[in-house]
Every structure is written in structure tokens, then in C-alpha cells.
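Starting from the structure of chain C, add chain E where the hints point.
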Amino acid sequence: MNSNIFVIIISSAIFYGTPLFYAALGGILTERSGVLNLGVEGTMLIGGVTGAWACLHIGGSAWFTITMSILVGALAGGLVSTLLAFLCITLKTNQTVAGLAITIFAGTVGLSSYFANIWEVAKKPVPHPIRTMDVFGLADMPVLGPILFRQTSLTYVSWLLAILATVYLFRTRIGLQLRAVGESPQTADAMGISVIRYRYIHTILGGALAGVGGAFYSLAIIPTWVDGMTKGAGWIAIALVIFGFWRPSLTLLGAYLFGALQSLSSTLKARGVDISGDILDALPFIMTIVVLVLVSSRFAHRRLGAPAALGIPYEREER
Amino acid sequence: MRSPIRLERRLEQPKWLNWAVPLISLVAALILGALMLWITGKNPIDVYQRIFERGFAGKRAFSGSLEIATPLAFTGLCAAIAFRMGLVNIGGEGQFYMGAVGAAWVGISVDNLPTGITIALMCLAGMLFGSVYAAIVGILRARFNTNEIITSLMMNYLAGIFLNYLIFNSKSFWRDPNSPQFPKGKPVADRAAWNTYTVFGIVTPVAFVIAILAAVAIWFLYKKTRFGFEVSVIADSPKAARYAGIRTSSTIVIVLALSGALAGLGGAADVGNFRGLLDAKGVQMAGYGYTGIVVAALARRNPITTIFVAIFIGGLTKAGYALQGPDFPSGLVGTLQGLILFTAVAGEILIKYRVRANLNRTGAVAA
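Sequence order for the protein chains is C and E. Position 78 (the first sequence) corresponds to 78 in the numbering used here; numbering is contiguous. Position 354 (the second sequence) corresponds to 1354 in the numbering used here; numbering is contiguous.
The shape of chain C in the complex, shown without the other chains (with noise of 0.2 angstroms):
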């Protein structure tokens, strides 16, 4: 019952979707605050370095050696973001080039590439990779086994995650405030809340969830680093965020899906089934551009809950 095919695509599209989905919720965090990031790539790419560099050389146990590798990953995410932060909040450039700068400096062929060349990580398999566990000894359960029971720990930490998103943004007072930061900053700044400080904070906490989306390409998926090994993750998953209409339940949902469709091409070549390995690599990118097509007339873009402020630099006026 476990070796159907469905079971096995659905177990996957969960192994698949969990590096998308913390991606994608630093994402709806940061857009929630105003701050549109298009490094999520190049931020993704240098967590998935750095985090198979601390896997390399941390000693100890594998729990240890695994944890300390994800902060590692999530930290530096989180300073490549704050780059990305001064830049768009402080220095009040243009959002869009910014992003595509963070993307660029350390994406495919810059930072990343540079670290795994100094630092000689490159293609070396991690010593402690991220297995999928056994919960409660259920994983050979039939059906729900594989599904719900035999995934790695991040995501189950991902699981939670996504609630306390969820209970953050709708039902905490900060998240109320973040809202209103991203929805009208200059209301939010009358109310006496630091648009600044909002922006900054959720900007870095975004980019060090992407460090650990990479960090899940170098630890678990792979396990091994490969320069611009996500090949395009990071924006799938700003796409996510939109589809998701910035609210972490959907954007779950959404990345499974995606993640389904990346690990289809290996799933049905396990199983002999012939078919064009490059269509079913094509597929998530078609996916991408059908569903933003689907979402993104102007009218479904405001009802579906995109921050109004979103990607436009606030300025106090000066009296």
C-alpha cells in the first residue's frame, strides 16, 4: 500500500515543499510589513552554503551538529537580508533592484559560489544529512505512514511554524501592527508604531526562514552543496507568497503542490514511467506564471489581502 504511487508523490511533494514553505513564510512575514524581497534566491543560496560549511566542521552529534548547521544557514540569511533592509528601508531605493542585487551578489555564480570555492565545500556530501524521521514508530502505518509520520524534523517544525504565523499576523497585537505597518504606514507611524523597526525586524526574520529553506537544499535534499543547487526555489516561492494570499495556511498547501510537481520528474523515472524528463522540469514554472496569471488581475490582488504599501519605501514627512 505504501509503494503506491500517490502515497509516494504526496510523502515527497511534503519532503519537496518544506524548503519552499520557509521561504515562502519569511516571504508573506516581510511583504506583511511592506518590504517586497526578490533576494529570496541569492538569500536561499547563501544558507544552503553555510549551512554545509558548519555541517563540515561542527563537531559533536548528528542532533547537534544538524541544529547548529540550520542556525548557521538561518543567520546568515538573516544578514544578507539586513543588507536588502538598509537598502530598501534606510536608504529608500527601489525595492525591485534591490532584491534583484541581493539575488545577483550572492546568488548562482557570485557569494555563494565564492564561499563554497574558499571554504572548499563544494560537492563534498555533508557528514550529519537531515533524514526523515520515524514519529511514534507510525511511519509504516498504511497510507498516512509516509505522509504524516516519516518526514524530517524541519518539517514538522515547518507544521508549527505555520500556526504560530497564522496566530502571530491574525490574532497577537503585534501582528495587528505589522498589518497596519504594511498596509498604512503613515497610520501606523501616527499610531506611534516604528514603521522602521517593523520593517527591519521582519525583513531579517524573512531572509534568515529563507537561510533555512537553503539550508534544507544542502542538508537534506541533496545533502551536498552544488553551486545554485535551488535552480529558481527562492522565486517560486515569491510566487508562493501571492498564491497563498500571504496567509501561511495556503501558502502550506501551495508549496506541497509545488513541491509535488519538482519531485515528479524523479518519482516517475523511479517507476519507468516514460516521459519527458524536461516537461516535467518545465512544470513548475508554467505552474508559476499560470497561477500568477490566475491571481494577479487587480481586483483579486486587493480582495485576496496583498499589503497595500507593499514594495513602496516609506517616507515621514518632514515638517
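Hints should not be assumed to be uniformly reliable.
Some but not every residue of chain C turned toward chain E, in silico, with C-beta under 10 angstroms [stated by the list, open to error]: (1) 38; (2) 82; (3) 91; (4) 92; (5) 103; (6) 110; (7) 148; (8) 151; (9) 272; (10) 276; (11) 281; (12) 286; (13) 315.
In short, the hints are calculated from the structure, not lab data. The model shown is predicted, which means the values in this text are computed figures rather than measured ones. The beta carbon of each residue, even a glycine, is placed where N, CA and C say it ideally should be.
Here is chain E on its own, set in the frame of chain C:
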């Protein structure tokens, strides 16, 4: 909490800033790069000296740099003309690939046509393929208001997969049937090889001359025609444009198609002037489309400046290829390009604002 500096909006923007700011940005990027090299245990002066020697010093080095500057000039123009209207076309990469596909198709098929006509046909095919590919993004943006940044980027990945399909995963027209073991593109006909000229000892590809002509044409289009005026109105205020009866939707599609045509022309040059075949792996490794964004940003969207910046970034990139090795890590040039983009973006504030020290009443600098 008060910051030590204060930004004051400039009421008018002095002309000298147009060249001073890119220069300041460049110097700042090189300083930041030196800092990064120094932190990671490299000698910045040594690295920069070698980049200069390989990229710019002497006729041979300069000729090599023009080989990279040429495609970058096209992708830079591609990004620049879209930026002008406030559109971000980061699909230059994919449009470049498609242009190469179109031009290779013509280049392989032609026989018995004069070289001049062959070159013209390859250019047209490249432009057509690039512009149609970009127009898809434009139509989605104009019709459905779909964010052009993400769609154009997704189209880059799709174009890359398409190239791999043509050369590696199928027996397409573009693939060389004589090399079944090592898949590569079919070479174009001898007549389809574009000329190079030697000017003052510098080998100048004909495509570089075409790039200069294209830049002048765009400058003319944007400065001297009604269309250019409409584009700048839309860029400044879409609302005003609508009240003035300018058709924003069709202008979006036209600008993106033009932008894609330029990237496609770059792809045609890649096939005709440099590689002589559709090199699926080579063009994807080069990433000219992405670097073109850096070029356009540093050139502040000015088509003429774009040519000069392309030469500079081309030299930097060429030196990066030539020097790649154990003590010159591969990601270095990309990192430097990223830093240049950062400082170019940050430099924009010097144009919009005047930076003033934040003084409090007693005249001391507030912390």
C-alpha cells in the same frame, strides 16, 4: 533615536550627477570588494591588478573584453529600455537564448546568400524570437496585470530547459548529428560567420558596431519621438498617461517586445560572431541576461552610457574567466558585479536626495 545623517529631497537634479554618481558607485563597489577580499584572506591589490591586466591592459586583452562586452551591451540595452518605463524585464536571459535559437536556425539553413544578407537575416530572426518571447510577458502584464518580474524570470528557466531539450535531449535540427557521443550544436554555414574588423589593433566584432547603432537608435527613439515621450509620461505617472489618452497597455507590450528584440539580437551575435553554433551549455553558463541588469543599472538606463559600462563589465568578466583558478575563486566576479549593482542602486539616493548631517539645536551632531 535620531540618525546622524538626514536625507533632503533635491528640488532639481544637477546634470553632473549623471556621470558622477555611477563613478562614485563603481569606486564604492571596488572598495567594498577589496574589503571582502581582505576579510577572506586575499590580497585585494594583487587581485585588482590582475583583473586590470587581463581585462583592459593592452590591445589583446581589450579585444577579448569586447567579446564579452558585445552581448552585455545588448542585454544591457534590453534591461535599460524596459527600466525606462518602470518595467523590470529580467527575462533578458531567456530572450537571449531564444534569439540564439532563431539565429542558429537561419545560420544553419542558409546557402548561397551573400554574407551581408545572411547577417541581416540572422539578426532579424534573433530579434523576432526574442521579441515574441518577451511579448508574452508584456501581454500577461498588460492584459492580466501579472507581475512581469516573476513571469520573465520563470521564462528564463523555461528557455534554458528548451535549449537543453534541443541540444541534449532530442535529435533536433539544431543538434550536430556528427557528434552523437558529445551532444553539441550544429555549426552554422561558413557564410553565416559574422565579420570582425581590426580598429587600431583592437579586434572589433561587427556585432559591437550593431550594438552601438542600436544604442543610438534607442536614444533617438526615447529622446526625440512621440513614442519616447509617451513612455516617459507612463513612467512618471501612469494616471496622467491615462488621462492624456496614451494607451498604456499596448505601450507595455511594445516596450517589452523591443526589449526582447535587443536581447535576441545579442543571442544572434553570440551565434554569428562568437560561437558559430547554438551552445546550450555555454550561453547558460555565461548568464549575460542577468549581468545586463547590472550594466543597465550602473548606466542609469542611458543607452549610450550602457555601451561604455558594458565594456567595463565585459573586461571584468573576461578577466574573471581568464584568471579562474585556485587563487582566483570562480564566484568572485559575480560577487563584484553584485556589489556594483548594490552601490549603483544606493547611488540613486545621491541623485534624489541631498545628504545632510543631522544637527540638533546646539549645533552638535546628534547621536
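Okay, the hints, checked on the actual structure:
{"no.": "1", "hint": "38", "in the structure": "holds (7 angstroms)"}
{"no.": "2", "hint": "82", "in the structure": "violated (13 angstroms)"}
{"no.": "3", "hint": "91", "in the structure": "holds (5 angstroms)"}
{"no.": "4", "hint": "92", "in the structure": "holds (7 angstroms)"}
{"no.": "5", "hint": "103", "in the structure": "holds (8 angstroms)"}
{"no.": "6", "hint": "110", "in the structure": "holds (4 angstroms)"}
{"no.": "7", "hint": "148", "in the structure": "violated (31 angstroms)"}
{"no.": "8", "hint": "151", "in the structure": "violated (27 angstroms)"}
{"no.": "9", "hint": "272", "in the structure": "violated (18 angstroms)"}
{"no.": "10", "hint": "276", "in the structure": "holds (7 angstroms)"}
{"no.": "11", "hint": "281", "in the structure": "holds (5 angstroms)"}
{"no.": "12", "hint": "286", "in the structure": "holds (7 angstroms)"}
{"no.": "13", "hint": "315", "in the structure": "holds (9 angstroms)"}
Consistency note: the structure conflicts with the earlier hints numbered 2, 7, 8, 9.
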